[in-house]
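With the hints as extra help, turn the sequences into a complete structure.
The numbers in the sequence shown follow the working numbering, run straight up by one, and end at 1396.
Don't take each hint at face value.
[To be verified] Quick list of the computed label-pair ranges, beta carbon to beta carbon:
#1 1273 <-> 1395: 30 to 36 Å
#2 1392 <-> 1152: 28 to 34 Å
#3 1384 <-> 1185: 33 to 39 Å
#4 1129 <-> 1341: 29 to 35 Å
#5 1341 <-> 1309: 24 to 30 Å
#6 1337 <-> 1136: 18 to 24 Å
#7 1152 <-> 1195: 15 to 21 Å
#8 1138 <-> 1364: 28 to 34 Å
It is worth saying that the hints were derived from the structure and are not from the lab. The C-beta atom is built at its ideal place from N, Cα and C for all residues, glycine as well.
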Amino acid sequence: MTTFSPRPRTAVPNNPVQIGSFRCGPGERLLVIAGPCVLETVDAAVAIAERLAAMAESTGVQLIFKASFDKANRTSIDSYRGPGLDEGLRMLEQVRSATGLMTTTDIHEPSQAEPVGQVCDLLQIPAFLVRQTDLLVAAARTGKAVNAKKGQFLSPSDMRHVVGKLSASGCENILLCERGTFFGYGRLVNDMQSIPLMQELGPPVVFDATHSVQQPGGLDGKTGGNRAMVEPLARAAVAMGCDGLFCETHPDPDQSPSDGPNMVPLDQLQGMIERLLAIRETVGRLS
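Laid out in structure tokens, this is it:
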């Protein structure tokens, strides 16, 4: 069993956060974390990443490629989970080699933190696991930036404990991510107050526009969703001053083995980003 040995906390987390050459926070360019929900093949991952790299160059956003090597919380045991840790990290290395994009993926067990930290620039903590102390400590000890998703069952203020665990374990670059709150059964709702409330805890806040429209278990053994609501929610989040956007995308979402109903079609993503940047520019002028 892992023993939690906190280090003395000498400073609040960085804001802006440093992720490689990117800076996320007030006054910085919008950070976009985008990619398919789950890794399928290396050719598919590289093809999507190449489109995203071109979009980043065209729009000027800071873009990190995201895809999961294992979807450990699928609704059904029969659902596709991904290629696994070793093959998934090889795919992410090839994405970086082919496109130059930085990468991120989620971890589910403390033992996954070190190998993922050797490949990825940003480690992601899934919302269902954000209270798991050993997982947070292991992520912090990699020295990489960490994106901690607010649990669907937590209030914004509860995330102060997540920040405290990561910071006490040596993580200086922490992102918090809003991704919706349980609203009865089978639906999520977004409280946009959570963006400024979590920003008050110190770290920058990212808005997860695609998982926010999930309908957990809504397709009889699969997670449903409503991608038509992705852009309206993202617009609201940018207007509220979020520091980054998380958005899963796929060339043909309806054929994706995971979270298809939530994902933005790849050929529609740039237009959405450009409209969000116009809102961000307006908000910046008014602040």
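Notebook entry, point to check: Is 33 to 39 Å right for how far apart the beta carbons of residue 1384 and residue 1185 are?
Noted result: holds, 36 Å
Margin query: I want to verify a distance hint. Is the separation of the beta carbons of residue 1337 and residue 1136 within 18 to 24 Å?
Written below: Once the Cβ atoms are compared, 32 Å apart, the range 18 to 24 Å for residue 1136 and residue 1337 is violated.
Check: Between residue 1392 and residue 1152, is the Cβ distance one that fits in 28 to 34 Å?
Finding: Given range 28 to 34 Å: violated, Cβ gap about 39 Å.
Margin query: Between the beta carbons of residue 1341 and residue 1309, is the distance compatible with 24 to 30 Å?
Written below: Since residue 1341 and residue 1309 have Cβ atoms about 25 Å apart, the given range 24 to 30 Å holds.
Next item on the list: For the range 28 to 34 Å, tell me whether the beta carbons of residue 1138 and residue 1364 fit it or not.
Entry: Given range 28 to 34 Å: holds, Cβ gap about 32 Å.
Next item on the list: Note whether the CB distance of residue 1152 and residue 1195 lies within 15 to 21 Å or breaks it.
Entry: holds, 18 Å
Notebook entry, point to check: Are residue 1129 and residue 1341 spaced within 29 to 35 Å by their CB atoms?
Noted result: holds, 31 Å
Check: In this structure, is the beta-carbon distance linking residue 1273 and residue 1395 contained in 30 to 36 Å?
Finding: holds, 33 Å
The earlier numbered hints that this structure contradicts are 2, 6.
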